[in-house]
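> Knowing the structure of chain S, use the given hints to seat chain F on it.
Number of protein chains: 2
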Amino acid sequence: MDNTQPRMRWWGWGEDGNDGPVEPGAKKMLTETCGWPKGANRPPVELDAVELPDDDLPDDSRARFDELLGAEFVRSDHATRVSHAAGRSVPDLIRLRSGDVPFAPDVVLYPASDAEVDELLAICRQERIAVVPFGGGTSVVAGLDAFRRDFRSCVCISLARLDEIFDLDEESLTVTVQAGVFGPDLEKNLQAKGFTLGHFPQSFEFSTVGGWVATRSAGQQSTGYGRIDENVFGLRCSTPNGPVELRTIPATAAGPNPRQMFVGSEGTLGIITQATLRIKRRPETTLPDAWFFPDFHSGATALREMEQDGLHPDIARLSDVNETEFGLAQLGSAVQRKGLNAYLRARGVAKPCLLVLRYDGRKSAARLRRAGGREIAKAHKGVSIGGSPETMWEKHRFSTPYLRDQLMTEGIMAETMETAAPWSAIEQLHDTIKREIETTMAERGTPALVLCHVSHLYTAGCSLYYTVFAQQHDGHEMEQWKALKTAACDAMVDNGATITHHHSTGADHAPWLPQEQGELWLRMLRAAKAEVDPEGIMNPGKLMNGPTQL
Amino acid sequence: MDNTQPRMRWWGWGEDGNDGPVEPGAKKMLTETCGWPKGANRPPVELDAVELPDDDLPDDSRARFDELLGAEFVRSDHATRVSHAAGRSVPDLIRLRSGDVPFAPDVVLYPASDAEVDELLAICRQERIAVVPFGGGTSVVAGLDAFRRDFRSCVCISLARLDEIFDLDEESLTVTVQAGVFGPDLEKNLQAKGFTLGHFPQSFEFSTVGGWVATRSAGQQSTGYGRIDENVFGLRCSTPNGPVELRTIPATAAGPNPRQMFVGSEGTLGIITQATLRIKRRPETTLPDAWFFPDFHSGATALREMEQDGLHPDIARLSDVNETEFGLAQLGSAVQRKGLNAYLRARGVAKPCLLVLRYDGRKSAARLRRAGGREIAKAHKGVSIGGSPETMWEKHRFSTPYLRDQLMTEGIMAETMETAAPWSAIEQLHDTIKREIETTMAERGTPALVLCHVSHLYTAGCSLYYTVFAQQHDGHEMEQWKALKTAACDAMVDNGATITHHHSTGADHAPWLPQEQGELWLRMLRAAKAEVDPEGIMNPGKLMNGPTQL
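Respectively, the protein sequence lines represent chains S and F. This note's numbering applies: residue 143 is where the first sequence begins, and numbers increase by one. This note's numbering applies: residue 143 is where the second sequence begins, and numbers increase by one.
Keep in mind that the hints are not guaranteed to be accurate.
Same chains, same names: a pair is fine if it fits in one copy or spans any two.
Heads up, simulated SDA-like pairs for lysine to any residue below, C-alpha to C-alpha not over 25 Å straight-line [said to hold, decoys possible]:
| no. | residue 1 | residue 2 |
| --- | --- | --- |
| 1 | Lys523 | Leu429 |
| 2 | Lys493 | Arg577 |
| 3 | Lys624 | Gly241 |
| 4 | Lys170 | Leu549 |
Simulated from the structure, these hints should not be mistaken for lab results.
Next comes chain S alone, as it looks inside the complex:
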């Protein structure tokens, strides 16, 4: 396989052939809350019709890239530029589908080694060229926008050819991986040898190790297997001022841990070219479990007790009333829903909240943890329905983004946002964010359907993940999106939560960083960046150098 070919279709999520319809039950729910656009059909424009900014790369710079990489790996054809011009945020999709793409790299570069990445950054520094690092292109926070600012050009450096897996240390349970290795390739390699990374973000099929490390990624099993920041023991980062190499150690007290400065640096300090990650042996068993709770409060309390009691489910996902209803409507048949609802009503659950759980590990230990979890769920009025909802959820867990594409064609915008906060704040926060979104969208005349789930557990708190649907405001989609984003983000940061639990910062969340983290910290971060990137060429306009307003 030629790894330089993009894995995702240029205008939307994933690959063709996976788009499913909006099921009748879900459509009914959307229609009742948001209304349904009459006869809308808004397919993306043709690739040729996409308008990109001119390719400004000076000839002498191009010649230097050609000489270093070979002309084959210095590409500025239309298709390559378009497919590296954006991530997959709502604004990205609006722009791509309409063919109006204001930011694009002049050229995409494909280095094949650490040394070539080092050399490329040295050239870009000398030539005053901005650099956007590119893994799988799944950013949903404008992490890939090619902001040119006052640089002579902006190039994209794709890590696609840094695709080797080396140094599987079976004794220390670590693996050293190049940045461009995609999720499924790594997982397949590890599983064949009896191991797993256990890192499954929703973007898993199309995202890379380098992207995960650079964006401080969390996956759907990270409650059990750990966030990526907990699983990086060593790394190498090319910077415009030379490489930083951090040896592989399990823990250290030698000052602030430099690994934690590069994990989450989002391409603003340099390009992470490889990382050494924790792996686990494939679990002896994985035990699914599922419960319906009479309300969000009961489910959240049960989850908190499970995590704080050390029962530590590997997967835990609690949907609120709206999300439960929508999920059942999209996945199950009307007959199934009717039967289920009757069953639940008979047990006192009128508006169910679905909790899916999975316990991985040795059989005896996993069973004991599941038994402990069941005691707690029962104590909080949970109604058990076996493991099949978890299995069903798992089967579909990477498919939701396709629905977003489908809905956009039908005139419905679908956006997701997420945060984390202490347990003591979670329920009020859940309501506040939901209310702010609903109010803002209703005032604009596009009432929203808001779904929410808890996706990650910690002893001290949990995450909240929102999905918002509303009719698109034709011709004003960007303005509409900004209003939605601002309402949600203000509600998060004003109420003590973080601006992002696992989507990272990019350009979209940067306006809220000063309020969350303080200007003084951002100055520290900028000063640290200036040591490795004195000219500021690395991913301009993101993170600490992001816009101060949307």
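Chain F only, in chain S's frame:
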């Protein structure tokens, strides 16, 4: 109790009345390897005989401090200066006991609020006065030396009056604590309410929350309860350029986590005035276990399998042959040892390595984990002897530093050093460090007895903790210590390990930071520091600004 009074005696560890003799068995072992100094008796000098540098604090600066805090909390009497002039490293003890103390703060300041700390740092910045923050004074890496450099004065800011515990969030299992709260005070408060922090460094009785956070501390139960860097969810740090306040959140993907820059900053960025920490409910049970292995390899392999299988003991400590022999000699009677050795020899264990374990939590889960651990221990030829050695170890776990004082009086130097590395490197590293220390000390004519244990487990590796005994080289103690320290640290850093797993950097480990972390990272750290401490007044000569050689 007046919290401004030092808790430790001025010349050594802890409080009077806890010094025990070197037991005959241990003395025999030391004599056989190191020789025993004839008729040595080197008690510390009298407090009055300690020579300090002159108090250089300008009168106008003192007046500003007096005005802010009240003269009562601006102290430069001899006893106060001596008791804040050093930590408890071997060089500190050599200097204190001999009365020759080259570094001391001119004055010790006792602020009582965040605002007073802010204001003190602003004054010190204006007046060009260096600042050493002081918690419990237990640093063993020269983290407290009052390096004056070219500043007008050097002051010590004691956190002793920031001693409040507030905001116990029983739902989120966090507690917000002021920096000057001592270990036993916090733990007693929490335990009375049914909680525990579970943080028990050997310095527990005499160290503070602020010290733990500033030095990236790990405790004897951190394998189970987590290192302090894993347990800080929010913090406040006063800097010369204003306060940094980081809200309490369980996790975030908003760029590099700023908490991880301040945790481990060792007073070089500012003064951590409060932190919000993870707590746990007091465990339902704590199950001790203990095993003797026929060699270090078998024990280390068993520990690795336990941790990687998720059995996750809360306490795990594996002593090598020398440490096991020394421990039994110091704690047990000759008759007990004889019986034990016969028992072990009959089971094929001629040179035993002792492993003590503890499993905390719910009874059912802890029992299951212990049963799993026992299976593994047996598979690696471990001989079970019940839980009493763990209970015995726990009873004495804070007392070892007293032995160091006693030995120094008798002419024997005792030093400890620690590191961490991946499992695949651990056994060779154990041998290499031991050999380098032995060779260096033998060449100097003071042969060393070297003990070692594994103190902390991770899936990817573990820590190694060394204790070294040798006759003091009269009149050349500092030179002798430097040779020992250099041999051990070179061996660690040359072989891929970290310079410190939990003692932190201070001035003593700073020379090895460039090799371990790279000069570029240290430049980033210095640049970040310059934003909050433009004049460099905060704890000069430590961490990123430490000496480039000992």
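> If a hint holds in the structure, say so; if it does not, say that too.
The hints, checked one at a time:
1. Lys523 / Leu429: within (21 Å within a copy, 33 Å between copies)
2. Lys493 / Arg577: within (19 Å within a copy, 68 Å between copies)
3. Lys624 / Gly241: within (20 Å within a copy, 68 Å between copies)
4. Lys170 / Leu549: Answer is within: at 13 Å inside a copy they meet the 25 Å cutoff, but 81 Å across does not.
Hint check: no violations occur; every hint is consistent with the structure.
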